[in-house]
Amino acid sequence: MEPSDNGKKEELVVNVHEAKTHFSKLLRLVQSGQAIIIAKASKPIARIVPLSEAAPSGRPFGAYKGWIECAPDAFDASDEVADLFEKADIFPD
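Under my numbering, read the sequence shown as residues 1 to 93, first letter to last.
Heads up, a few of these hints could be off.
Taking lysine-lysine and the DSS-like style, the derived pairs with C-alpha atoms no more than 27 Å apart in a straight line are [claimed, not checked]: (1) Lys20 with Lys40; (2) Lys43 with Lys20; (3) Lys43 with Lys65; (4) Lys87 with Lys65.
Simulated from the structure, these hints should not be mistaken for lab results.
Construct all of the structure, not just a fragment, from the sequences and the given hints.
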């Protein structure tokens, strides 16, 4: 397992078999700030980075709380809809 020199931070490139064999060791390296590239047949397929480097989700959980309202009965099933699900021929003869 040798770090590659790509001009940015050093990233370690490992093949899939090596990643499976040394997964715990690779996680310790990631935890210490090392980025890991996983390759299959010398083609990069995945990148493991510390969570501090991971892209943010774009919006925090609950960001729209209080902005969206729906009717109190919005999720109540009507008898007509229930009958369509319960009595319909799902698999015709």
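Tested hints:
no.: 1; hint: Lys20 with Lys40; verdict: holds, 12 Å
no.: 2; hint: Lys43 with Lys20; verdict: holds, 17 Å
no.: 3; hint: Lys43 with Lys65; verdict: violated, 43 Å
no.: 4; hint: Lys87 with Lys65; verdict: violated, 37 Å
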